[in-house]
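Heads up: the sequence lines are chains A and B, in that order.
Following the numbering used here, the numbering of the first sequence begins with 1 at its first residue and continues without gaps.
Following the numbering used here, the numbering of the second sequence begins with 1 at its first residue and continues without gaps.
Just so you know, these hints were derived from the structure itself, not from any lab.
Be careful, since some hints might not be right.
When chains are identical, the list treats them as one kind, so a pair holds in a single copy or across two.
[Said to hold, decoys possible] In silico SDA-like pairs for lysine to any residue, Cα to Cα no more than 25 Å straight-line:
| hint | residue 1 | residue 2 |
| --- | --- | --- |
| 1 | K7 | P77 |
| 2 | K22 | E9 |
| 3 | K7 | L70 |
| 4 | K22 | G72 |
| 5 | K7 | E76 |
| 6 | K53 | A10 |
| 7 | K74 | W25 |
| 8 | K19 | A100 |
| 9 | K22 | H4 |
| 10 | K74 | G17 |
| 11 | K22 | P50 |
| 12 | K7 | G73 |
| 13 | K7 | P45 |
| 14 | K111 | E31 |
| 15 | K53 | E11 |
| 16 | K74 | Y56 |
| 17 | K7 | G72 |
| 18 | K74 | I2 |
| 19 | K111 | G32 |
| 20 | K53 | N35 |
| 21 | K103 | Y56 |
| 22 | K74 | E31 |
| 23 | K103 | G73 |
| 24 | K19 | G98 |
| 25 | K19 | Y5 |
| 26 | K74 | S6 |
| 27 | K53 | R24 |
| 28 | K22 | T97 |
| 29 | K74 | H4 |
Number of protein chains: 2
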Amino acid sequence: MISHYSKVEAEPVAMEGAKEVKVRWLIAEREGAPNFYMRLFEIAPGGHSPRHKHDYEHEIFILEGHGLALDGGKEEPIQAGSFLFIPPNVEHQLRNTGEAALKFLCLIPRKGRPPGPGAPLR
Amino acid sequence: MISHYSKVEAEPVAMEGAKEVKVRWLIAEREGAPNFYMRLFEIAPGGHSPRHKHDYEHEIFILEGHGLALDGGKEEPIQAGSFLFIPPNVEHQLRNTGEAALKFLCLIPRKGRPPGPGAPLR
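Just chain A, with the same shape it has in the complex (with noise of 0.2 Å):
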């Protein structure tokens, strides 16, 4: 399967904590994936994601922009190019501190995604 992510749908993040980001599964249970899920992300500047910690790990590629990123005890800056392993159970926080949107990519094993609303089916 050959796509572009502008194809598909950026569906709004409802999840408390989260502040104008919007995501797009790219890689996920539709597409038969039998391991792990593609999202693309994208943070308005200002906004940012929860500030919290779950059993399953995060691999996080930035794609454009500029933020800054919590790993467990400290802040660091963001920008294309930034790659980040969040293990499991690390307090993790993406922030878009600049003046253009904040796009990355951020992968999860399909073990441990979470359910309800805020993951849909793909």
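Once you have looked at the hints, place chain B on chain A.
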């Protein structure tokens, strides 16, 4: 763990059928990734990845450049923002048909990782 891909060494890919391909292992065993690994590939103009298939999937996101991707029986143009899901046992190849580097992320499951020097421990 927060880093930038430019800080990770780009290693030549010696796999048979690969031409002008380098790989950076961004998130893998060394980082303790439990379920899947993130690599960043760079193919020089005129180069290509091996035309092959294997029993594990790829999840690919194109970062920079232009090329053609073989996905099973068909070849399609790819560019920044294109993404590919290559299921297990589907023949595939990426070729750089542009004038600049073709850069992309290619993620694989931890289970089924190819052994040997082509896939170092990170």
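Status of each hint after checking the structure:
no.: 1; hint: K7 - P77; result: between (30 Å within a copy, 15 Å between copies)
no.: 2; hint: K22 - E9; result: within (9 Å within a copy, 33 Å between copies)
no.: 3; hint: K7 - L70; result: between (30 Å within a copy, 20 Å between copies)
no.: 4; hint: K22 - G72; result: within (23 Å within a copy, 32 Å between copies)
no.: 5; hint: K7 - E76; result: between (32 Å within a copy, 16 Å between copies)
no.: 6; hint: K53 - A10; result: within (23 Å within a copy, 32 Å between copies)
no.: 7; hint: K74 - W25; result: between (28 Å within a copy, 24 Å between copies)
no.: 8; hint: K19 - A100; result: within (15 Å within a copy, 37 Å between copies)
no.: 9; hint: K22 - H4; result: both (17 Å within a copy, 24 Å between copies)
no.: 10; hint: K74 - G17; result: within (19 Å within a copy, 43 Å between copies)
no.: 11; hint: K22 - P50; result: within (12 Å within a copy, 36 Å between copies)
no.: 12; hint: K7 - G73; result: between (37 Å within a copy, 22 Å between copies)
no.: 13; hint: K7 - P45; result: within (23 Å within a copy, 27 Å between copies)
no.: 14; hint: K111 - E31; result: both (16 Å within a copy, 19 Å between copies)
no.: 15; hint: K53 - E11; result: within (22 Å within a copy, 34 Å between copies)
no.: 16; hint: K74 - Y56; result: within (20 Å within a copy, 36 Å between copies)
no.: 17; hint: K7 - G72; result: between (34 Å within a copy, 21 Å between copies)
no.: 18; hint: K74 - I2; result: between (37 Å within a copy, 10 Å between copies)
no.: 19; hint: K111 - G32; result: both (14 Å within a copy, 17 Å between copies)
no.: 20; hint: K53 - N35; result: both (21 Å within a copy, 18 Å between copies)
no.: 21; hint: K103 - Y56; result: within (21 Å within a copy, 28 Å between copies)
no.: 22; hint: K74 - E31; result: between (36 Å within a copy, 18 Å between copies)
no.: 23; hint: K103 - G73; result: within (23 Å within a copy, 32 Å between copies)
no.: 24; hint: K19 - G98; result: within (15 Å within a copy, 38 Å between copies)
no.: 25; hint: K19 - Y5; result: within (22 Å within a copy, 28 Å between copies)
no.: 26; hint: K74 - S6; result: between (33 Å within a copy, 21 Å between copies)
no.: 27; hint: K53 - R24; result: within (21 Å within a copy, 28 Å between copies)
no.: 28; hint: K22 - T97; result: within (16 Å within a copy, 33 Å between copies)
no.: 29; hint: K74 - H4; result: between (34 Å within a copy, 16 Å between copies)
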